[in-house]
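J.: Residue numbers 1 to 109, in the working numbering, belong to the letters of the sequence shown in order.
If you are wondering where the hints come from, they were derived from the structure by calculation, not from laboratory data. Think of the CB as a built atom: it goes at the ideal place given N, C-alpha and C, for glycine as much as any other residue. Some clues are possibly wrong.
Label pairs and their computed distance ranges (CB to CB) [to be verified]:
| hint | residue 1 | residue 2 | range |
| --- | --- | --- | --- |
| 1 | 96 | 54 | 40 to 48 Å |
| 2 | 59 | 36 | 13 to 21 Å |
| 3 | 102 | 57 | 15 to 23 Å |
| 4 | 107 | 49 | 29 to 37 Å |
| 5 | 100 | 74 | 19 to 27 Å |
| 6 | 44 | 77 | 15 to 23 Å |
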Amino acid sequence: MLFISRLIFLALAVAVSSSAVAAPKKRSAYGKPNVLFIIADDLRDYTGWLGGHPQSVTPNMDRLAKLGMRFTNAHCNYALCNPSRASLMTGMLPSSSGVFGNEQDWRRS
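Using the sequences and the hints, build the whole thing.
T.: Here it is as structure tokens:
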């Protein structure tokens, strides 16, 4: 009786583990989320949708902000463009990626 219960347990374990290892189903092209990141450098809070400045007229950016998602609490990791961009693209801090200047190629780091 012990042999049969162990055999049943082994068969169930193999069945469960093989279903977990099976190749995942491919998602159709229409099932993928439609995401577009638009990142602008050197924009302060002068743009209209951030409270703006009376002389700053940005109707297209205002429309994009109204229809999309806004990240209003974003901070850069470094004072230069390239290290900040490398942090955004890799998810690593400049101290981890080794990109500290604008002259470095962040893809090779």
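J.: Starting from the hint 15 to 23 Å, judge whether the C-beta atoms of residue 102 and residue 57 obey it.
T.: Distance hint for residue 102, residue 57 is violated at roughly 31 Å.
J.: Is 29 to 37 Å a correct range for the gap between the Cβ atoms of residue 107 and residue 49?
T.: holds (32 Å)
J.: Kindly confirm whether 40 to 48 Å is satisfied by the beta carbon distance between residue 96 and residue 54.
T.: Given about 42 Å between the Cβ atoms, the range holds.
J.: Holds or violated: the 15 to 23 Å window for the beta-carbon distance between residue 44 and residue 77?
T.: holds (18 Å)
J.: Residue 59 and residue 36, beta-carbon distance inside 13 to 21 Å?
T.: holds (19 Å)
J.: Is it true that residue 100 and residue 74 lie within 19 to 27 Å of each other by Cβ?
T.: holds (21 Å)
Of the hints listed earlier, the one the structure fails to meet is number 3.
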